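> Could you put together the complete structure from these sequences and hints?
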Amino acid sequence: MSKFEALTGDNAVAMAMRQINPDVVAAYPITPQTETVEFFAEYVADGLVDTEFVCVESEHSAMSACVGASAAGARVMTATSANGLALMWEIVYIAASLRCPIVMSVVNRALSGPINIHCDHSDVMGMRDSGWIILFSESGQEAYDNTIQAVRIAEHPDVLLPVAVCQDGFITSHAMERVEVYDDSDVKAFVGAYGPRWPLLDLEHPKTYGPLDFYDYYYEHKRQQVEAMEHAQGVILEMAEEFNRKFNRDYGLFEPYRLEDAEVAVIAANSTAGTAKVVVDALRAEGLKVGLLKPRVFRPFPAQELVDALRHLKAVAVMDRSISFGAMDNAGPLYLELVAALAAHSVHMPVADYVYGLGGRDIRPGEVERVFRQTLEMAETGQAARRVTYLGVRE
Amino acid sequence: MSTRELTEIRWHGRGGQGVVTAGKLLAETALGSGQYFQAFPDFGPERMGAPIRAYTRLSAKPITIHSQIENPDVVLVLDPTLLGSVPVAEGLREDGILLVNTPMGPQAVRQITSFHTGKVCTVDASHIAIDELGREITNTPMLGAFARATGLFDMEALIKQVRAWFGSKVTSGVVEANIRALRRAAEEVVEG
Amino acid sequence: MTQLKGWREIPIGGMILAAGSAVEYRTGGWRAFRPVFGETACIHCMQCWLFCPDSSILVDVENENMTGFDLAYCKGCGICASVCPVNAKVMRETGEALKRDDSRLCIRMVEEGKFKEQGDEQIRSTDWR
Numbered sequence: 000m001s002k003f004e005a006l007t008g009d010n011a012v013a014m015a016m017r018q019i020n021p022d023v024v025a026a027y028p029i030t031p032q033t034e035t036v037e038f039f040a041e042y043v044a045d046g047l048v049d050t051e052f053v054c055v056e057s058e059h060s061a062m063s064a065c066v067g068a069s070a071a072g073a074r075v076m077t078a079t080s081a082n083g084l085a086l087m088w089e090i091v092y093i094a095a096s097l098r099c100p101i102v103m104s105v106v107n108r109a110l111s112g113p114i115n116i117h118c119d120h121s122d123v124m125g126m127r128d129s130g131w132i133i134l135f136s137e138s139g140q141e142a143y144d145n146t147i148q149a150v151r152i153a154e155h156p157d158v159l160l161p162v163a164v165c166q167d168g169f170i171t172s173h174a175m176e177r178v179e180v181y182d183d184s185d186v187k188a189f190v191g192a193y194g195p196r197w198p199l200l201d202l203e204h205p206k207t208y209g210p211l212d213f214y215d216y217y218y219e220h221k222r223q224q225v226e227a228m229e230h231a232q233g234v235i236l237e238m239a240e241e242f243n244r245k246f247n248r249d250y251g252l253f254e255p256y257r258l259e260d261a262e263v264a265v266i267a268a269n270s271t272a273g274t275a276k277v278v279v280d281a282l283r284a285e286g287l288k289v290g291l292l293k294p295r296v297f298r299p300f301p302a303q304e305l306v307d308a309l310r311h312l313k314a315v316a317v318m319d320r321s322i323s324f325g326a327m328d329n330a331g332p333l334y335l336e337l338v339a340a341l342a343a344h345s346v347h348m349p350v351a352d353y354v355y356g357l358g359g360r361d362i363r364p365g366e367v368e369r370v371f372r373q374t375l376e377m378a379e380t381g382q383a384a385r386r387v388t389y390l391g392v393r394e
Numbered sequence: 000m001s002t003r004e005l006t007e008i009r010w011h012g013r014g015g016q017g018v019v020t021a022g023k024l025l026a027e028t029a030l031g032s033g034q035y036f037q038a039f040p041d042f043g044p045e046r047m048g049a050p051i052r053a054y055t056r057l058s059a060k061p062i063t064i065h066s067q068i069e070n071p072d073v074v075l076v077l078d079p080t081l082l083g084s085v086p087v088a089e090g091l092r093e094d095g096i097l098l099v100n101t102p103m104g105p106q107a108v109r110q111i112t113s114f115h116t117g118k119v120c121t122v123d124a125s126h127i128a129i130d131e132l133g134r135e136i137t138n139t140p141m142l143g144a145f146a147r148a149t150g151l152f153d154m155e156a157l158i159k160q161v162r163a164w165f166g167s168k169v170t171s172g173v174v175e176a177n178i179r180a181l182r183r184a185a186e187e188v189v190e191g
Numbered sequence: 000m001t002q003l004k005g006w007r008e009i010p011i012g013g014m015i016l017a018a019g020s021a022v023e024y025r026t027g028g029w030r031a032f033r034p035v036f037g038e039t040a041c042i043h044c045m046q047c048w049l050f051c052p053d054s055s056i057l058v059d060v061e062n063e064n065m066t067g068f069d070l071a072y073c074k075g076c077g078i079c080a081s082v083c084p085v086n087a088k089v090m091r092e093t094g095e096a097l098k099r100d101d102s103r104l105c106i107r108m109v110e111e112g113k114f115k116e117q118g119d120e121q122i123r124s125t126d127w128r
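Residue numbers (numbering that gives the first Met the number 0), protein chains in the order written: chain A, 0 to 394; chain B, 0 to 191; chain C, 0 to 128.
In short, the hints are calculated from the structure, not lab data.
Predicted, not measured: the structure shown is a model, and the values here were computed from it.
Check before you lean on any hint, since a few could be wrong.
[Claimed, not checked] Here are the computed lysine to aspartate or glutamate pairs in the EDC-like style, where the Cα-Cα straight-line distance is at most 16 Å:
1. A:K206 with C:D101
2. C:K88 with C:D101
3. B:K60 with A:E179
[As the list claims (entries may be wrong)] Ranges between beta-carbon positions, derived for each pair:
4. A:G365 with B:A49: 28 to 36 Å
5. B:T80 with A:R283: 42 to 50 Å
6. B:V169 with A:D45: 56 to 64 Å
7. B:T170 with A:G365: 45 to 53 Å
8. B:E190 with A:N243: 48 to 56 Å
9. A:D49 with B:V169: 28 to 36 Å
[What the hints assert, rightly or not] A partial selection of chain A residues facing chain B, derived with a Cβ cut-off under 8 Å:
10. S111
11. E176
12. V180
13. D361
14. P364
For every residue, glycine included, the Cβ atom is placed at its ideal position computed from N, Cα and C.
So, in structure tokens, the structure goes:
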């Protein structure tokens with residue numbers, strides 16, 4: 000029997016970790032992920048989990064320990080944010096290329112400098128080419144649900160890739176909300192036992208992880224990672240279906256909100272999607288046909304499905320919580336990938352990018368409303384007045 | 000009291016006074032009564048004594064909005080020394096409620112904050128806290144005054160939650176003292 | 000030259016699903032200098048065995064003797080000659096820094112070209128697996 004609890008997003012993720020009861024957690028604290036690690040450390044101290052908790056001296060060591068443990072055959076989890084993620088960068092790539100099904104909570108925070116402890120998506124965007132599966136979460140509930148599903152996605156024999164579950168730093172990680180927590184035994188049954196295929200600790204079948212590749216084999220190993228990413232999408236949907244049957248919460252590759260009969264839409268990820276939903280409802284009450292598309296799976300990027308969901312619209316605005324400096328028009332990554340998808344699938348429609356919320360700058364309903372209204376104008380004129388707008392910056 | 004579906008509350012206090020705890024306690028009470036809620040602090044670096052803010056949203060329906068609260072329906076000020084130095088009434092809705100921990104009366108508070116509409120309630124929660132608890136931790140008495148002033152919560156539901164919150168973390172003597180302080184503030188709060 | 004395999008035919012993630020596969024990589028062909036030792040001079044201290052990076056010092060475990068070099072893998076790095084205490088003693092006594100192939104040394108490093116046979120047949124058995 001599930002129950003409702005008042006939990007912060009960080010606490011919700013720690014709760015999921017407790018119920019999953021991984022073999023190893025190696026983590027280093029960094030705001031705003033800290034509470035997850037603190038709560039989990041308490042569970043370890045109180046004997047509520049069997050996890051071997053490895054206190055390391057840096058995030059680079061954290062991910063290194065995770066890779067080692069995973070290769071040994073353990074079910075491994077960790078958590079980080081921003082510069083912590085940046086510090087473990089080389090090992091993040093290694094975790095994916097050595098096919099370690101590690102599940103990591105990434106509590107999105109701005110990358111320094113200057114130092115900023117608040118929310119934006121620059122941290123996770125830095126790992127978008129790393130080979131990790133990346134999931135977005137609108138709320139603590141979604142972070143909790145995604146973490147549970149992530150274990151099954153990562154460990155699926157056709158995938159064997161690490162998964163990053165994102166949520167907005169402070170905005171959901173430190174906000175206490177009503178979260179449905181499922182029964183321990185139900186979560187345990189859903190994630191099941193980990194059956195590693197090639198654990199180092201299986202001495203009957205000796206093996207080596209992480210050897211040297213020359214130019215004769217490296218490319219082939221990368222091609223294998225592509226294959227895994229291709230399988231990942233189907234596996235993600237499969238796990239979502241199983242999750243829905245068990246826990247009665249429906250997840251997909253993204254969430255369309257009043258999108259089907261919309262004329263224009265905004266694309267926004269994580270907590271901003273929640274604020275945008277309120278704006279959609281208000282504008283719909285005015286008779287305006289607007290909708291929202293909330294990305295959930297960012298890697299693997301569901302290009303075909305996104306294009307199909309947006310195809311009928313007259314205009315789309317993307318809201319990006321990070322900048323890809325030096326990219327086309329100094330736009331944000333979500334916009335860049337979307338326009339590429341539309342172009343590749345020969346769908347022509349005006350798209351505009353709205354960069355917002357950098358370093359935790361608040362994004363208000365009024366500003367989101369402006370985005371919608373400008374998108375409606377864009378639908379009329381057939382083109383974006385400006386390809387990229389920096390929403391909320393003081394000129 | 001606003002009849003909008005969503006009630007937005009802002010708390011003012013100083014680090015170490017239990018402001019964030021008060022917001023969370025309220026959230027737990029909401030949970031117990033089947034309401035939806037959000038409770039979050041202002042996200043600056045906090046140290047003991049620094050002015051801080053915390054926020055709570057309450058609704059009968061799921062809350063998806065995640066922006067900061069600009070125009071609260073209720074403002075609670077837990078530390079009387081903030082009056083005059085922090086613009087506590089900033090953004091407070093015209094028909095909003097301002098509840099202040101102070102020995103002064105509502106009219107004096109209106110003068111200082113320039114909030115001349117809505118409802119202003121005052122209670123000397125510091126005095127009650129020192130009397131009942133021996134320390135100036137004003138969150139429980141303020142919650143009592145809050146329940147009385149806004150009618151948003153059933154007193155007994157709140158008290159039940161306070162008991163559950165403390166659990167076995169403190170002695171039953173301390174728990175009962177907090178409950179006494181809560182009830183007393185509810186009795187002594189004045190409106191003007 | 001073995002046929003290179005396609006991406007579907009190899010284990011994922013660069014995993015090597017066998018033990019001791021380094022044995023298949025015969026590094027003896029890298030050698031520019033070959034170690035030669037004086038069996039009468041050798042004191043069987045095993046320092047060369049301890050330091051050899053290629054595990055290419057052959058020992059007779061039962062009699063606790065150093066017996067030679069595994070030329071299938073020896074890369075001719077000369078570390079054995081560098082650490083050999085008999086070599087050090089000889090140099091101390093002669094008061095000279097001797098050439099690597101000086102006949103007074105215990106372990107000498109001799110130009111590979113001077114040997115007629117290839118010297119890379121696999122001496123050591125791999126049955127230890």
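> Find the hints from earlier in the document that the structure breaks and name them by number, from lowest to highest.
1, 6, 10, 12
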